[in-house]
Amino acid sequence: MRELLKLTNVSRHFGGLKVLQDVSFAVRQGAISGLIGPNGAGKTTVFNLITGLLPPTTGDIALDGATLLGRKPHEITRAGVARTFQNIRIFKEMTLLENVIVGMHRHLAYGVPGLLFALPQYREQERRARDRARELLSWMKLDHKADDLADNLSYGAQRRLEIARALATEPRLLLLDEPVAGMNSTEKTELMREIVNIQGRGYTIFMIEHDMRFVMGLCEEISVLNFGKIIAHGDPGQIRNDPQVIEAYLGREDDEVSVTPEELDE
Amino acid sequence: MLEALDNFWSIYSNLVLSLGTASLLALSIYLTLSCGMLAMANAAFMGIGAYTSSILTMNHGWPFPAAIAAGMAAPALVAFLIGKPTLRLSGVYLAMATLAFGEVVRLIIIRAENTTGGALGLNGIPQLTQWWHVLLAVVLVLFVLARLRRSKIGRAFEAIKEDETAAGLMGIDVNGHKMLAFALGAAIAGLAGVLNAHLTFFIGPQEFGFDRGVEILTMTILGGINSLFGPVLGGIIVTLLPELLRSFKDYRAVANGLILVLIVLFLPKGLWNPAWMRRALGLKSKGATP
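The listed protein sequences derive, respectively, from chains W and U.
Residue numbering for the first sequence is 1 to 266, as defined by my numbering.
Residue numbering for the second sequence is 267 to 556, as defined by my numbering.
Excised from the complex, chain W in its bound form (with noise of 0.2 Å):
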C-alpha cells in the first residue's frame, strides 16, 4: 500500500538536547498506526514536526510525496493533517457544533459579500456545514448534545469531541495524541469501535498511545520511540516480542524491575 506520511531522517534539538535523532519512518494509507515509547521518549515532539508547530532540525517530512517543511500550521492542516491533543484544546465557549464547524474554516467558500448579505450561497454552505457537523458529531455519539458548550462535557467527552473537530477539517491523515487518557474502560472500548469506523471511512489514522491493549488491539503497525530514536517497527506481535522494546519498556535483567511484565499485554 501506498505510504502517505514519510519521515526521513528527522532529527530535532532542543540546544544541546537531542529529543529526536535520526527518525524515519512512515505512514501507510488507510492503515491505523501507532507510536509508542516511554515518557520521554519524543513521541509529541514527532506530532509537533509533523503539524508544523516545529520546525525539524535537520531531515524531510513529506505527505503523499510533498514536503511540509516550511509550512504554517494552518497550510499543513489544509494540506490534509489534522490532530487531537494530549491535553485536550477544545473551544471551551463555543458549542460542540461550533467547535466542528470551525474545522471547516477553509471548506466555506463564501466571499465577502456572501456573507455580507447573507446571498444564497452562503446560506446553502453553512447549512451544508451545520448538517456535514452533527453527522460528524454522530460519529462520535455527540449529536444530542451539539448545542451545549463544550466546556460541560465530560473529560472522555472532550476527547471525542476533539476528534470531530479534527474530522472536519476533511483530512487525510487522522493524528491522535493519547486518545484514550484519562477514560475508563467502558469509554476506551467504544472509541476503539469508533475508530475502527473512522478507518473504514477511509481515513488514515497515526496514533501515541501510552495504553498497550488499545494500541495493540488497533494498530497494523507500530514505531517505537525510545530515547529520540525509533528502535523497532513492526506489527504487533513483532512489537511484543522485540528483545529491544522489551528492555525499554522493562529494563535489563540486570536493572531493577520497575514495570510488571503485564505492562506489555496490559
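These are calculated hints, taken from the structure and not from any lab test.
Heads up, a few of these hints could be off.
[To be verified] Derived DSS-like pairs (lysine-lysine); straight-line CA-CA distance at most 25 Å:
#1 W:92 to U:535
#2 U:427 to W:72
#3 U:427 to W:92
#4 W:145 to U:427
#5 U:350 to W:72
#6 W:92 to W:188
These numbers come from a predicted model, not from an experiment.
We have chain W already, so just place chain U on it with the hints.
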C-alpha cells in the same frame, strides 16, 4: 413640544452625536479584543483619521465622502504596516507596543507643525458632519460586524481568542485574521475620528493620547464583548456619566471613576451579559449563547 425638542437638540446635539462616535470607538477595539488581542492603538488611529480628513477638507477642498474614505483608509494602511511586526506579540507586550506606537503618532502630530498645526491643533475644520451621518455610520458598522460574527470569519476570531494554536490547526490563517481585525478596527476608529473632527471645528494632539486610549478600552470592557450591544452600551455610559454627575461638581471625576470600578468589580464580563441578564430577570439560563 416641538419647540422643546428643538431646544434640547440645540443644547445637546453635540453630546448625542458624540454618543455615536464613542460607540464607533468602542466597536473598533471590540474587534481586536474579540480576536484575543489587547491592542491600544485605537486612539492613535482615530487621530490619524481625524487629521487626514481634516487636512483634506480644509486645505485641499476634498468633498466630505472622499475625506471619509481617506480618513478610514489611512489608519487601516498604517495598521497594516505596524501590524506586520507587532501582531506576533501577545498579551501585555502587544499592549505596550501599541501604546508606544500611539505616543509616536502623538509626537509626530506635534512636530509636523506645518501640516498639523502642532501642539495648537487644527482650527476651523468645516462642520460637515450631519446627525444622520453618525447614525448611518453606527448602523453600518453594527451591520457589518453582526454579519462577520455569524460567518466563518467571526468563528475564526473566536477560535483564535480561545486557543491560537488549536485555531491554526483548524486551517485558520491566524496572522491573517489578526491583521484583518486590527486593520478593520483601525478603519472604524478612523471613521469615528473623521466624524468627530467635522463636528467640533477643532482637533488637537492631546485628544488622541493615552487618556483617550484608556477611555476607549474602558467603554468596551465595561459594556462587555459577549455581544455587539456591549461596546455600544459601554460607549454611551462612559460618555454620559460625566454629564449626569455634574451635580457632584469637584468630585465628579471621583464619582465617575468609582462607578466604573464598581461595575467592573461586580460584573467582570461586562454590563451586557446575556447569562447575567437572564438570571436578573429570573429566566432559566441555557447552555447555548446566541
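(request) Just pull the numbers of the violated hints for me, sorted ascending. (result) Those not satisfied: there are none.
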